[in-house]
Amino acid sequence: MCSEPRLWSAAEVAAGFDHPRLPELRKILDWSRGYLTAGHPELGRRGPVCPFSAPSLRRDLFYLAVQDDVTDVERIGEALSAFRERFQAMAGTLPPSDRELLTFVVILPDFDHDDSGELDELQRRMKHEYVADGLMIGQFHPTCAEAGLWNEEFRPLRSPIPLLAIRTMLGLDLPFLWDETSNLDSYLERFAPLIPGRVRSQLVSRMASS
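642 is the number of the first residue of the sequence shown in this note's numbering; add one for each residue after it.
Read the hints as simulated data drawn from the structure, not as lab findings. The C-beta atom is built at its ideal place from N, Cα and C for all residues, glycine as well. Be aware that one or more of the hints could be misleading.
Now the in silico label distances, taken between C-beta atoms and shown as ranges [claimed, not checked]:
id, residue 1, residue 2, range
1, 812, 660, 36 to 44 angstroms
2, 788, 734, 30 to 38 angstroms
3, 735, 790, 26 to 34 angstroms
4, 758, 731, 25 to 33 angstroms
5, 833, 655, 33 to 41 angstroms
6, 792, 659, 41 to 49 angstroms
7, 832, 685, 20 to 28 angstroms
8, 736, 685, 32 to 40 angstroms
9, 813, 770, 40 to 48 angstroms
10, 692, 799, 31 to 39 angstroms
11, 788, 692, 12 to 20 angstroms
12, 687, 723, 13 to 21 angstroms
13, 766, 645, 20 to 28 angstroms
I would like the entire structure built from these sequences, with the hints used as guidance.
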């Protein structure tokens, strides 16, 4: 089993501490502040690349961790299950407005920087579990080929170091959940609870087929 890594807030990483992985933590923090919170000419819409990062950073609800010496996707999967539990435990202590901004960034410095295929596949597998729990998980990688929602030529999920990001699922996340009917059903169950289950199933089928 993977050992449980330390979580640091963005403020702690910025202030600095004695840790061999501090350079990687600061590199991703700088990238988050400089890239995720800013606009991009190829994004295809106005606003920052990630609308949630800036408020998360301002509230110091942006946490970073390093999963050392892990290159096997099965071990990363074990770590992600543990991080999901830790995220839910921390979120449970926060008021709803802060819960929506809580973010975990799990850095994987030893993972292959030149091939994101295994990490992409792991994210697809873990996404079902996360979405069912009302969470979102996204993979970022130097060579991530996933296209943007508003510009298919843009590659928004490229980061200087492989990582996985975890946050609360929000109503605006529907465009990220078209890929699987189970994800759509989990979304509607959470955000449209008054729709009867039978009608919700019919709606999911129509949305998926379209």
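Tested hints:
A hinted range of 36 to 44 angstroms holds for the C-beta pair residue 812 and residue 660, which are about 37 angstroms apart. Checked against the hint of 30 to 38 angstroms, the pair residue 788 and residue 734 passes, with Cβ atoms roughly 37 angstroms apart. For the pair residue 735 and residue 790, the supplied restraint of 26 to 34 angstroms holds, since their beta-carbon distance comes to about 28 angstroms. Evaluation of the 25 to 33 angstroms hint for residue 758 and residue 731 yields a pass: the beta carbon distance comes to about 31 angstroms.
Between residue 833 and residue 655 the C-beta distance comes to about 40 angstroms, which sits within the given range of 33 to 41 angstroms. Hint check: residue 792 to residue 659, Cβ distance near 42 angstroms, so the stated range 41 to 49 angstroms holds. Checked against the given bound of 20 to 28 angstroms, the beta carbons of residue 832 and residue 685, roughly 25 angstroms apart, stay inside it. Take residue 736 and residue 685: their Cβ atoms lie about 34 angstroms apart, and the range 32 to 40 angstroms holds.
Taken as a hint, the range 40 to 48 angstroms is violated for the pair residue 813 and residue 770, whose Cβ atoms sit roughly 21 angstroms apart. The hint said 31 to 39 angstroms for the Cβ distance between residue 692 and residue 799, and at roughly 18 angstroms that hint is violated. Taking the beta carbon of each, residue 788 and residue 692 are about 18 angstroms apart, inside 12 to 20 angstroms as hinted. Judged by the Cβ atoms, the range 13 to 21 angstroms given for residue 687 and residue 723 is violated: they are separated by roughly 37 angstroms.
Range check, residue 766 to residue 645: about 21 angstroms between beta-carbon atoms, so the 20 to 28 angstroms window is met.
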